[in-house]
Amino acid sequence: VIAGAPGEVNYILLPTRMDALSAGAFIACAVRNPGLLSALDRIKRPLAIASALAIVPPLLIEHTLDFQRPLTQLLALPAIATLSALVVLHASRSTNWLAARPLRFFGRYSYGMYIWHIAVIALLANYTTLLSPRHSTMSFVGSYATLLLLIVAATVCTALVSWYLVELPFLKLKAVVPYAR
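In terms of the working numbering, the sequence shown is residues 451 to 631.
Derived by calculation from the structure, the hints in this document are not laboratory data.
Wrong hints could be hidden among the right ones.
As the list claims (entries may be wrong) - Label-pair distances were calculated between CB atoms; the ranges are:
| hint | residue 1 | residue 2 | range |
| --- | --- | --- | --- |
| 1 | L553 | V611 | 17 to 27 angstroms |
| 2 | L486 | V626 | 11 to 21 angstroms |
| 3 | R495 | G592 | 37 to 47 angstroms |
No residue lacks a Cβ here, since even glycine has one placed at the ideal position from N, Cα and C.
Could you build all of it, start to finish, from the sequences and the hints given here?
Here it is as structure tokens:
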């Protein structure tokens, strides 16, 4: 951000997304280490408050949480990663809702959804002009809600096809390729 890199670079590339990945890895380590988990329990409330407060300046100054904007990138995105990690930590220690069938479904196919969603959005954006509020008899909210549902459905379908044609065959290779434990 300080060097003036475009927002896409700061939002997408791995080195600049290490905050979210590190937060998830830290929570995974904490759940397996009672001492680390105890230390995290002592600071989770102040950490949540600080993270929530870090989201306020971009809203007050830039009036948005647009990932292209510098304050959002510097303050809000790491804060959101931290808050998300705390939610996952809480969920992992409380009820069994993480084992719910719909969440397991989306968990299994989430990588394909992540990989394919941009292509699906780009294709649908080119071929769904009738859903645009300018060309639709539906309301603004109705046309975008319909488009969102279409994007989600198409992304899930594409991820399912990708799972069975690409991912599953590679996962089956685990049985024939030894790896270190």
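Structure-based check of each hint:
1. Judged by the Cβ atoms, the range 17 to 27 angstroms given for L553 and V611 holds: they are separated by roughly 21 angstroms.
2. Between L486 and V626 the beta carbon distance is about 36 angstroms. The supplied range of 11 to 21 angstroms is therefore violated.
3. Restraint check, R495 to G592: a C-beta distance of roughly 41 angstroms satisfies the suggested window 37 to 47 angstroms.
Of the numbered hints given earlier, the model fails hint 2 alone.
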